[in-house]
Every structure is written in C-alpha cells, then in structure tokens.
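K.L.:
One letter stands for each residue in the lines below.
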Amino acid sequence: MKKIILLVLGITIISCSDDFLDRKPKGNLTSDTFFENEDHAIWATNAIYSNFRSWEYCGLPYIGATDVISDDADKGSTQNDGPFLAEIDDFFFDATNQTFSSIWKGHYGTISRANLAIEKIPGIKMSETLKARLVGEAKFLRAFNYFRLVQWFGDLPLITSQLTENQYFTQERKPKNEIYALIEKDLLDAISVLPEKSKYKSEDLGRATKGAAKGILAKLYMVQGKFGPALSLCEEIINSGEYSLLTNYGQIFTREGENGSESMFEIGAVALQSSVVGSGATPYNMVQGVRGVPNLGWGFNRPSDDLIANYEAGDPRRQATIIYVGEVLPDGLTIVQNNPEILNARFNQKAWVPSHAGLQDNGPGNIRLLRYADVLLLAAEAANEVSNSAKALTYVNLVRKRARGTNTFILKDLTITNQQDLRFAIRKERRSELAMEQLRWFDLQRWNNQAEVMKKVGKQFIVNKHELFPLPQSEIDLSGGFLKQNKGY
Amino acid sequence: MKSNLAKWKLVLFLIIVESTIGFAQHKVSGIVTATSNGESLIGATIEEKGTTNGTITDIDGTYKITVSNPNAILVVKYIGYNDREVAVNNKNQLDISLDGSAVLIEQIVVVGYGVQKKSDLTGAVSSLKGEELVRIPTANVEQALQGKIAGIYVSPASGSPGAGAIIRVRGTGTLNNANPLYVIDGMITEDASSVNPQDVESIEVLKDASSAAIYGSRGANGVILITTKTGKKRDVAQLTFSSYYGQQQTVRKIDLLTGAQFAKAYNQLRNQNYYKNPDSLGVGTDWQEEILRTAPMSNFQFGANGGNETVTYNFSANYFNQDGIIKNTSYDRGTFRLNLDMKLKPWFTLGNNVSYSVIKEQLGPNVITSAYRIPSVLPVYNSDGIFTDPTFFGLALGNPLVDQFYKSNRYKNGSNLLGNMFGEISILKNLKFRSNFGYNFSDSKTRGFEPKFEASPSQLNKNDRLSIETGSTKNWIWEQTLNFLKEWKDHSLGLLFGYTAEERKSEFFGASRENFPGTADELLYLSSGNDTTQMNYGGASDEALNSILFRANYVFKDKYLFTTSMRVDKSSRFTPENRTGYFPSASIGWNLGREEFIKGINTFDRLKLRMSYGILGNQAVSNRYPTSSLINSGQYAVFGYSENLNQGATLLSISNPNLKWEVSRQIDFGLEAGFLNNRLEIEADYYRRHTYDIIAAVPIPDYVGSQNSPFVNTAEVLNSGVDIGLNWRQAGKFSYNIGASISPVTNEVLALATGKNEIFDAFVNGEPASRTLVGLPIGAYYGFQVAGVFQSVEEIASSAIAGGEVPGDLKYADINEDGKIDGKDRTYLGSPIPTMTYGFNLGAGYQGFDASIDFFGVSGNKVYNEKESLRFAVYNWESHVANAWTVENPSTSEPRVTNGGHNYRVSDRFVQDGSFFRLRSVSLGYSFPKALISKIKMEGFRIFVSGTNLWTRQSFTGYSPEFPNGNSPFKVGFDTGEYPIAKSFQFGIETKF
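So the protein sequences, as listed, match chains C and A.
Going letter by letter, the first sequence gives residues 42 to 530 in our numbering.
Going letter by letter, the second sequence gives residues 72 to 1064 in our numbering.
Hints were generated in silico from the structure; no laboratory data involved.
Just so you know, even glycine gets a beta-carbon here, dropped at the ideal spot from N, CA and C.
Some hints could be false.
[What the hints assert, rightly or not] No farther apart than 30 Å at their CA atoms in a straight line, the calculated lysine-lysine pairs in the DSS-like style are these:
id: 1; chain 1: A; residue 1: K895; chain 2: C; residue 2: K528
id: 2; chain 1: C; residue 1: K528; chain 2: A; residue 2: K891
id: 3; chain 1: C; residue 1: K500; chain 2: A; residue 2: K891
id: 4; chain 1: A; residue 1: K630; chain 2: C; residue 2: K67
id: 5; chain 1: C; residue 1: K67; chain 2: A; residue 2: K148
id: 6; chain 1: A; residue 1: K576; chain 2: C; residue 2: K496
id: 7; chain 1: C; residue 1: K506; chain 2: A; residue 2: K148
id: 8; chain 1: A; residue 1: K576; chain 2: C; residue 2: K67
id: 9; chain 1: C; residue 1: K215; chain 2: A; residue 2: K895
id: 10; chain 1: C; residue 1: K65; chain 2: A; residue 2: K545
id: 11; chain 1: C; residue 1: K65; chain 2: A; residue 2: K516
id: 12; chain 1: C; residue 1: K506; chain 2: A; residue 2: K895
id: 13; chain 1: A; residue 1: K891; chain 2: C; residue 2: K525
id: 14; chain 1: C; residue 1: K67; chain 2: A; residue 2: K483
id: 15; chain 1: C; residue 1: K67; chain 2: A; residue 2: K516
id: 16; chain 1: C; residue 1: K65; chain 2: A; residue 2: K576
id: 17; chain 1: A; residue 1: K557; chain 2: A; residue 2: K148
id: 18; chain 1: A; residue 1: K557; chain 2: C; residue 2: K67
id: 19; chain 1: A; residue 1: K478; chain 2: C; residue 2: K215
id: 20; chain 1: A; residue 1: K478; chain 2: A; residue 2: K533
[Claimed, not checked] Derived DEER-like restraints, expressed as beta-carbon distance ranges:
id: 21; chain 1: C; residue 1: K215; chain 2: A; residue 2: I886; range: 49 to 59 Å
id: 22; chain 1: C; residue 1: V369; chain 2: A; residue 2: E866; range: 53 to 63 Å
id: 23; chain 1: A; residue 1: E866; chain 2: C; residue 2: E493; range: 27 to 37 Å
id: 24; chain 1: A; residue 1: S863; chain 2: C; residue 2: A350; range: 33 to 43 Å
id: 25; chain 1: C; residue 1: S243; chain 2: A; residue 2: D602; range: 38 to 48 Å
Model the full structure from these sequences, guided by the hints.
P.N.:
Set out below in structure tokens:
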C-alpha cells in the first residue's frame, strides 16, 4: 500500500518537473522568438509605419499641435466640443493639456519601434540588400519623428536604442543640436541605402525613399540656416526626375492622387469593410470631416478667416482647400448643409474622404507628409536666402503655374527680385499652397515669426514661452526631476 | 502485477492490525447531538472512563471508538455543555445528546488541508456559519461577508446583478493584486462568485501567517476557505425548501442641476443669454430616473440531506434571479450541487463535492456615466418622437436611452462546473493518505447584436452586427497529502506532508459578421450575415504551480500549543532562476485558561494567548507571463495603389525577466477570552504585515515606447492594525446576542525601489491624482489644495497664480511659497484606505420570533470624484454648481462656471469624505411551533421579511463611496461612474421536512 502511495507520489513529482512549469505566452511571438528571419525584419519595419495612423499620432491632438495652434485654422466643430483644443487655439493651455502627452506618446512610440528595428535587423540572416533598405527605412522614420518633436518641444531625451529598466526614469533632455545631429546622420544613412521611388514595386509605394530622406534633410538644413546644402539637396530631388507636379491641384488630395507623381512621402490608409476601426484606418479624416449633413466626421480644424484672406483673388487652391456650406463635395453628389450648431462652418477639404466602409473612425485617406511642391518651395526659399533670386523665382513660379492651370488671369508669375520682398512672397505662396497640411506651425517657427503672426490674429501668445510646447506634465512627474520643463510653463 | 502484490500486502497489514487488538474489545459508534436543537456536535471528546483511550466526533458529529469491554463507560465532553457519562451496556450503536446552553462558537474549524480544534489553534482564523451568510440576499457569498468578520473589508465589486465583491484581509498589503485566495472545498479559485450562499456550511478566513502560510505563495493577502454542506447520518432524509422574493432600487440618486439651473449655468459659462428664460425649463429631464428602475429578485432553494453508515449526501437545487436596477441588465442562475461521502471500506473513503451552475446574464450597456453627463435641459425625445441628439453640447455626449434601446441585445450564457473528488485511505491507525482532485471548468458565450441606427454623429452604427465570443477556463489541482495524528498521555502530535500540482488554462474565441437579412432571433446566427464582413480572433493563456507542503502541530497538556509549517512553491510565472519560493511559519499558543492559577481567579471560562510569525508570498500579477516581452502583430502598414495590408509586428509590451516573488513577513499576537459562562467572548489580534519586493506595474515615461508598464519588484509596505471581535450571547426564553467587530489599520509605504522616491499614477486630465511616497499610505491622493475663490482682479494680482486666472476662479494654495502656482504646489490630499472598519450586529429571539440587525461602517478614507472632474463636452453639473461664483453671488467656495481647465485640475475640490455608516441588513422572522407543524409532517417552518442597505449615512455625493477600480493599488477610490448599489426589501419562507 505504502509503495503504491509512494509510486503515485513519485509519478506526480516526476511528471511535474520543470517541463510542467515552462509556460509560454499563447498566440504571441516574444522577444526571444522575434527577429529570427526575413519576415520578422519586414514586419518590424512595417510596424513603424503603422503607428503613424494611431490616434496619438494623427488624431485630434496632432491637428491641434499643427493647424489649430497656427493662424491657418480655428478649433472648429461646435463651440462646446473638444475643450482641450479650444485651450490650444486660444493659447490658454498648460502642460497637462492632452495634446502634448498624445503627440509625445505617438512620436516616441514610433521612435521606439524604429530603434528596435535598427538594433535587431542587422543580426538577422537574410538578403543583405533588403536588410540595408529596411534599416534605412527605419532610420528615415526615426529621423522624421525626432524632427517633429524637436520643433515642437526643443531639447529632448535622445533615445536611440531599447532602454533597460534602470534607464527608464533617468533620461535627461539633450540640447537640440544633438538631436539635429542624430536626424542628419540617420537621414544621410538613409539616403545612402534607400532606393528612389521609381525603384520600388508598385505594391511597395509609400515606403521611405531616397528622395523623401533628402527632402526631410533639406528641411532640417533650412531650420539650421544651412541654405546652401538645403538648396543642393532640393535640386538633387528636382533633377532626379522622380517627381512632377500633378496638373490639377485639386486632385492631389483625392483618392486618385494617392501615391501620385507629386507624392514624396505619405502614410497609406485603407477602410476595410468592417464595423470596428479597421486594421488599415486612421482617425485623421474623421476628426476633420464634415459635421452635420453629410455626416462625415467631427468637424474640427476650421480654416480661418486669416487663411482665406491669404489667397490671391481667384486662387483655385482656396476652393480646393476649404469646404464651405452649400458646396458640392468632390464626389459630385453631396451638398454640404448648414449646421446650425456650428457658427460659420468650414472644413478642411484636404482631409476629406468620400463615404466609406465602416464607421467614421475607419478613415481611408492617405496622410500626405511630404510632396514635391513643398520641396520646390523650399528650393525657392533657400535660393532666395543665398541671393539667387532667379532660381528662386523659377521654382516658386512652377508652383504658381500649376495652381493657375489654364486660367492665365490669375496667379501670374512672380518677378520680384528684392530679397526681402521675395522672401515674403515665397512665404505667402507657401501658405496658400500647403495650407491645412499641418506644416504651418513649423514654417512659422523656422521663420522665427510665431509671435508676430499669432498676435496679428489676436492670440494670447507669450514671447519666450509659447515658441515651444511644454513637455507633458505626466512625463515631468514620472521622471522625478530628470526632465526639466520648458521656460514659462 | 503490482496491484495483486498490493492486495496481498494490504491483507497482511490488516491481519497484523486486527491481531494487535485482541478479543475482549468492543466497538461502539454513534452521533453526539445537542439536546436543545438536535444539531450534531463536531469535535466532542469521547473517552473510555479510567483509560487514555479516546476519540473526537467528526464533522458530522459521529464517533467510533473501540472500548476495552462491553460494559465500559464513555465520558463525553464538549465545551459549553455539561459532561456526560454513558454506559455502553453492550450496545454497538450509542447516540448521545448533551445538555447545555448552545452559546459556544464552533469548536472545530477548517484550516488549510485539515480541521483543528479551535482551542488548539495558534493562528488567527475567523469562522462564520452558513446561516449567518444567507441573511443578505445576494448571488454569492462574497458580498454577504460585509461587516461580519473583524479584519476583513468587503466592498461590492459593482452594483450590477450577480456581482461579487472586493475583499481585503487586513488592509492592502501589496501594491499589487490584493485579493485573498479562495479555497472552495479544497479547490483553489480566484473568486467565489459561483458558490451559492445557501450551500455553504462554513467560511473560515485565515488572517495571519501561521494559518495562511500553508498556502505559501498565495497566502499573503489572506485565505478564505469555503466549505459546502455535507450529508449527515439520519434515519430519514431531511428536505428543505426556501424561497424569497424582493424588490431593489438605487440607494440614492446623485444630485444634479435641474433644467433651469443648467440653463443658468450655461448662460454663465458662455457669458451670454443663450437660454432667454431659464426658469421656464423647470426640473428638466431626470436622466437617472429614465435609466434606473425598481427591479425584482427571487430565489428558490431545495435541499435534501441524509445518509447512513456507508453513504451520506447533501443535494441542492437552486434558482436565483436578479434584475439590475439599470434597465436591461439581469442575472439568472440555476445551480445543482451533490456532495457525497462514501465509506466504502473501514480503511477507505471516497467522496465528491460537485456543483454545476448555468448562468444567463443580460449585459445591457452601462449608461450611468452618460446619464450623469447629459444636460437636464434636453428631453428624452424630440417633438418628432425621435431620440434627442445631445451633440450640440459636444460629441463626447450620448443619449443614454439610445444605448439602452439599441445596445441591449447582448446576453452571456455560461456554465460552471466546480468541485472536487477525493479518496482517503487509513494506512495505519494514525496515518491517513488523501488524494484530492479539484476542478473548476467554466464556459461562456456572449452574443451581442447591434442593429443599424444613427441617432447622432457620435451614436451610430452603420452596419448591423452580430458578434459572438466564447471563453473557457479549465483549472485543476491534484493534491496528495499524508496526515499523521497521534495522541498519547499529555501529548498530541499532528503532521501533514503534501504535494500538489496545479494547472490553469483559459482560451477565448470570437467572431462577427454584419449585414443580416433581418433582425428576427432565428436569423441572428453568423452564417446568415455577409461573409465579406467576417472577423474573428482568439487567444489563450495558461499557468502552472507545483508545491510541497509540510505542517506540524504539537499540543502539550492541552495548554501549550506549537505549530510550524513550510511550503515550497514553484510557479510558471517566473523564470527558472526565480521560480522557487520558500514560505515558512511558526506559531505558539498558550491556553492560559486551563492553568490552575487562572482557574482560581474564577473569571475566565476560556483564555488563550497566541503568537505567530511567517513568510508568505504573492504572485498574483494580472499577467500570467510577466517575464515575457510580447511581440504584437496586427501592426499593419498600407502600401501601394492596391492598398494591401502588410503584416507588421513589434515589441509593444516590455517585461522584466528578473521579476521574483513578492514576499510578506507577518507577525500576529492574539488573545481569546470567554467570561460569564462564555456568554461574553472577546477575540483580539494585533498584527504587523511587512511586505517587500512588492510586484507592481509602475508607470514608466512614454518616451520608453512601451504600451504597458512592466512589472517590477518595487516597494515595501507596512500594514499594522488590530482586529477586535466582541460577542455577548444570552440564551433562554428570551435570547439575544450583541456583536461588534472593529478593525483599525494603518498602511504605510516604507521604501520604494532604489532610485525612486515616489510613484505617480491615476492620471486625471493629464495630471497624476495619486502619489505613493515613503511614509504615506499607498496611492494617497495628490494635487492642489483649494484656498478659496478669487474675488477680484486685485486679489489675483496680489496672489500666487498659475497664470490666466480671472475673478471667480479657484485659488490654489502656494504650498512651497514661491509666489506662483505650479506642479510643485501639489500636495497630499488624503488616503483612499480606511483607517477603521467596523460592524455591529444585534439579534434576538422570543417564542418563535427572531430579529436581527447589522450595521457596517468605514471611516478615515477619502474618495476622488473623477466623474465630476472630467469634461470632454459641456456636461451637466452636480447641484452645488447652482451656487457658482458670479459678480452678484461672490461665493467663497464654489468657483465660477467653467468647463475644464484651471478649476478642474486635480485638487481637493474633487476629494470627498469616503466614510459611511450603513444599515446593512435588518430582518424579522417567525418560526411556527413544532407541535403545530409536525401535524403536517413539517420539522420547521419560518417566514421572514428583511431589508438590505436601507439606510446609509455618507457625505459623498455619488451613489456609494465603495468602488473597486480594478486591481491597481495606485488608483483606488476613483468614482468614474460606478453602477449604483441597491437597497432592497424581501420576504420569504424556510421550510424543513
């Protein structure tokens, strides 16, 4: 009997050895089993792009931190909706406003995905060409994100690899020149390995290209006041033959314009036929969509009176940028009705998408992040800064020519040669061409005229404070003193 | 081969045992009962007079003894009863009844892996009989424990029908999941929600290290042992039937602005006369009235209990139904239970306890928050009869009735098989081997259909959709224990050795389709939906635990008590290096009352001192794989004209491979005393519970890029306190009892992980509302202190400000006196942890009438009215806003009307007193005289009326200051819009045949 018992005990003890206790997460790869083959390398890179479609990255907070805060747009929507954006619009925000924590989280989250890819992909046995390209894509994406963050917040924690537990709370802000240096190095690395847009297969369009990396690097040089290098990068792009302006300005932001000849970097999105937010969708279209009839969204980001006043008489870009009440939408079917709850309703046509599968959340519109016209205008700006007005006029007039289309009575070619006058003309042109594309706030910062412009439209801008956003209060609190807040907050 | 060999060995073994007994011996068995009520007495001692030969009655009150001759005399003793001597007179069956006042608490208590005499206990164990639980009509035993036991704090997990409770034994000893361990008839479970209270024989709460250490790594938060009723030997079976019916409604409503008041506030907010004539709007819509209802509940229980020498059984069938006080929520449960004990051989017992429940729930939407938010100026329906669209006031507003109308077709059907089976072999007279297999298998299926509708830009569903989710869990435990018990002369020694293995698995699967050809029930199956809209998902998780346990009890002269135990646990949750944990304990007790010098005082009927010390663990992190960093797939990228989804995956949930056991050292000093013929009883314990290497998911900065916070061993916390229980019982024609329990507790963080001196969490509007700091309680509230309301521009100019304040705004205290208000001025705003919980109960009986009344209260804690502080649109306000500051009404406490921003930052404006005192239950019953009902073959017949939660004193403006907020100790006491708890009246009958 005892032997039986001992036997039973023995069997259970043996059967319950360490095998019994080794349990692995179900339905998930883990960090131990990831980065083992080429597929994993591709997936890890794709996941970086994926985060560009998250709420934190391109939802309401992003719109707030780019357009609403600028003179291009008001909060929009009903008076009562989105109080945190009203604070942004009116410069009444503090460090607890969710705008800042969201964009911070969205962009650092993307950086962390890029860091992982850059760190781990080199160790995988796979095609060396593909490996180099994927790492190049990741570096481009990391640079893109740091570039936005440094413009919004100034000095930043500089994180270039996966942090370990003892590093979580001890990051300090690094001077913005160190951030610039990383961005420059990442972009140069990317330029050296990334293919041109035309070398990608059509099903890969949207991945980072050599041209896109040059474009972002040109922007960085502009911010740093390195106009010569910026101009030559822009001209490399112009002379590459990879890009051309679409004939019809209005078509850039339609479904047909996605990944068009003018597109240099855009994030793909798709609405799948599902009820919930589909895997490929963005909230970008919803938050800015027409509110009321037709009901396409929340109606935030209202193009401002000041923006309208910026357009030259007859500039067709105004109509192509702004949806007015009574207007027939680009689908040619629906007429926008007056929404009595919104005073003087207007909407951002560049974020407009036709009715689509699933809920409004299921935004299918690609998010345009860099297009050829932007590079042409950068080239014009840089050329003017290095006192080459002829070149500057050539580039800016290319943009005006396309805008005017066949109507020769409007948007005549510029002929100004006085550097200061031309500078203002190019800036004005840039605003008309790129309005409501979330670029204005960065442009004003680069031109160092935020205060002047904000005051002109009656915003409570405080000099030496509002040029930069406050770091999210939650990050300051969590860091236990390592992160210092920006001046004035 | 082997089994043949074993049979031979067994025969041989039995022959040897028999031969040592001799021929003059005589066997007697029977049952010991109380004369007063016929209940069997558990743990009565039976001795053969003049010898050391003796035994005690088992859990059914039965005994078996072999006496030296057929004319021996048995001495039967049971504390609180008169000793009795009975001559055997050559009988083999001898039932004995004892006289005495039935005033004594249970003498045998269930402890981990066994039972013990209460007087021999060296640990702090509280015991509660089943009949005390059923006074509170609830679906499960958890809520019924509230206020019943000193040192345990119970708050409803939710007011929703069928909800369980959050239980804390001796405070929150961890930063982590602080739920106690539940052991139901030996089956270890995470909650006791599936146990029907009427099936419960007793509940024991193991509070200190000595009693809980046998559960090792999971004992640190206390252990709740639930023992279900077993069969008793009877000549004829006993049948019981009982039922009650009741009505419930919300304990209170939240006081919000009326239509007229809202209109005035809105005009003030917008600084314009948007509403021309606010007073004409009157009270407006009472949205709470619209979503709430008076809801019925009912319960039917049938039981059969009986047995003979070989088999005893307890059978029950139960149906419980509770409708929620929010419309379209309900809970229905049917339960069968069969507990069997089969004494198949003198040396072999086989048994099982099994219960099977079938549960159906309607999961209507929780619309509490939207009813709280929607302005009272809005009607339910427009003039054209369609639901009002409230989005003029912001998209973050919905009409709660739209949700109730369109989203209530959602039902969860579940079943739960819970039980254990065991075999027990007496190897030697003193040595028993027991093998126990416990299991808990449950399945559920949730079906939800949401039709196509569009009520507003934020409340719409463009495609009708059916979604189905199934889930199953399979948990089992297999335990092998050897029990040795020997008593000789003045000594008693008990040894326990055990080995257990345990596995838990769960899996879920869900699918959905859209575009159904109709909405009739028979069409609502996935196949009739459009297959191009199909979606599915699934996942699983598992864990395993492996343990060795040992315990020794030694009692000398019934006075000096020693217990020591050790459990070694290996958990799959940790890496092999950190997998094993050792959890020892030791305790001593002294039955001082049995010493001559105490007896001489003639004051104490009972007096015991005890002390225990032990080390326990906790591994109950919510993640079963806390050391694995997970790669999340589904991070798709979209490329190309074709817009294909390209698979993406990356590391989003980082982990900590160095995670190890959380450990707690506990020390307990206890005193038990009985006076005045045991009518007055006192039990008091002082304890210190020092928890270190606490596992917690500490928030990390967003720049790390993780979507979760990894678990780390991070802090040390000290809980210390006193549990005092007092009982006075008076028997007689007019009997009554008075009980009180009181438990002051303090909670203090002793240390946080190196390099970290504070933990911020509970972010509200972007600011942390809790800060855990050394020297303060866990999760203490943190924010600005309101110092008044700015009355004028001059006052603002001369005060410390955050910037942008105007007259009427809140003035925050400049804590660091640096002349400005910023993050450094935030400070401690109170603790969410009660410093005292207490309960009182009174009971009385007279000529068949019985009455009881229970009170329960907590004090010393604060709560955070988070729902009031979040404003994503123009919501209704709580009624105090009617007194908002204006130039004409220069309030010094209520700021001007604003919607978010400065006045809504985390401050003590939203911190409210969380203490309350509640009439938990009151009941009145009448039992018909036996003489009368025996004519209709009844043995008992009682009718009763009762009420629950009828009266509460609280200052909190919400429904009730008790809410769980999940398992994070950093975010406790935040009211985000909890399901209101109900008060109820019920009446019912109890019968026995």
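K.L.:
The structure should be examined with respect to each hint, and the outcome stated for every one.
P.N.:
Hints and how they fare:
Straight-line distance between C-alpha atoms of K895 (chain A) and K528 (chain C) comes to about 15 Å, which keeps the hinted pair within the 30 Å bound. As the CA atoms of K528 (chain C) and K891 (chain A) are separated by approximately 14 Å, the hinted pair is consistent with the 30 Å bound. Of the supplied pair hints, the one linking K500 (chain C) and K891 (chain A) holds, its CA atoms being roughly 23 Å apart against a limit of 30 Å. Proposed proximity of K630 (chain A) and K67 (chain C) is contradicted: the alpha carbons are some 54 Å apart, above 30 Å.
Proximity of K67 (chain C) to K148 (chain A) is assessed by CA-CA distance (about 58 Å); at most 30 Å being required, the pair is judged violated. Of the supplied pair hints, the one linking K576 (chain A) and K496 (chain C) is violated, its CA atoms being roughly 63 Å apart against a limit of 30 Å. About 86 Å separates the Cα atoms of K506 (chain C) and K148 (chain A), which puts this hinted pair outside 30 Å; it is violated. With a C-alpha separation of about 11 Å, the suggested pair K576 (chain A) and K67 (chain C) falls inside the 30 Å cut-off, and the hint holds.
Only pairs whose Cα atoms come within 30 Å are accepted, and K215 (chain C) paired with K895 (chain A) is accepted, the gap being roughly 23 Å. As the CA atoms of K65 (chain C) and K545 (chain A) are separated by approximately 17 Å, the hinted pair is consistent with the 30 Å bound. With a C-alpha separation of about 26 Å, the suggested pair K65 (chain C) and K516 (chain A) falls inside the 30 Å cut-off, and the hint holds. Under the criterion of a C-alpha separation no larger than 30 Å, the hint pairing K506 (chain C) with K895 (chain A) is consistent with the structure, at around 19 Å.
Simply put, K891 (chain A) and K525 (chain C) have alpha-carbon atoms about 17 Å apart, close enough for the 30 Å limit, and the pair holds. With a CA separation close to 25 Å, the supplied pair K67 (chain C) and K483 (chain A) stays within the 30 Å bound. A threshold of 30 Å between alpha carbons decides the hint, and for K67 (chain C) with K516 (chain A) the separation of about 21 Å falls inside it, so the pair holds. With a C-alpha separation of about 12 Å, the suggested pairing of K65 (chain C) with K576 (chain A) holds against the 30 Å cut-off.
A C-alpha spacing of about 19 Å is found between K557 (chain A) and K148 (chain A), which places the hinted pair at or below 30 Å, so the restraint holds. Distance check on the hinted pair: K557 (chain A) and K67 (chain C) sit about 49 Å apart at the alpha-carbon level, beyond 30 Å; violated. For the proposed pair K478 (chain A) and K215 (chain C), the alpha carbon gap of about 51 Å is over 30 Å, so the pair is violated. The straight-line distance between the Cα atoms of K478 (chain A) and K533 (chain A) is roughly 14 Å, inside the 30 Å bound, and the hint therefore holds.
In this structure the supplied range 49 to 59 Å is violated for K215 (chain C) paired with I886 (chain A), their Cβ-Cβ distance being about 32 Å. As the Cβ distance of V369 (chain C) to E866 (chain A) is approximately 56 Å, the hint placing it in 53 to 63 Å holds. Judged by the Cβ atoms, the range 27 to 37 Å given for E866 (chain A) and E493 (chain C) holds: they are separated by roughly 34 Å. For the pair S863 (chain A) and A350 (chain C), the beta carbons lie near 39 Å from each other, so the given range of 33 to 43 Å is met.
Our hint of 38 to 48 Å for S243 (chain C) and D602 (chain A) is violated, since their Cβ atoms are close to 29 Å apart.
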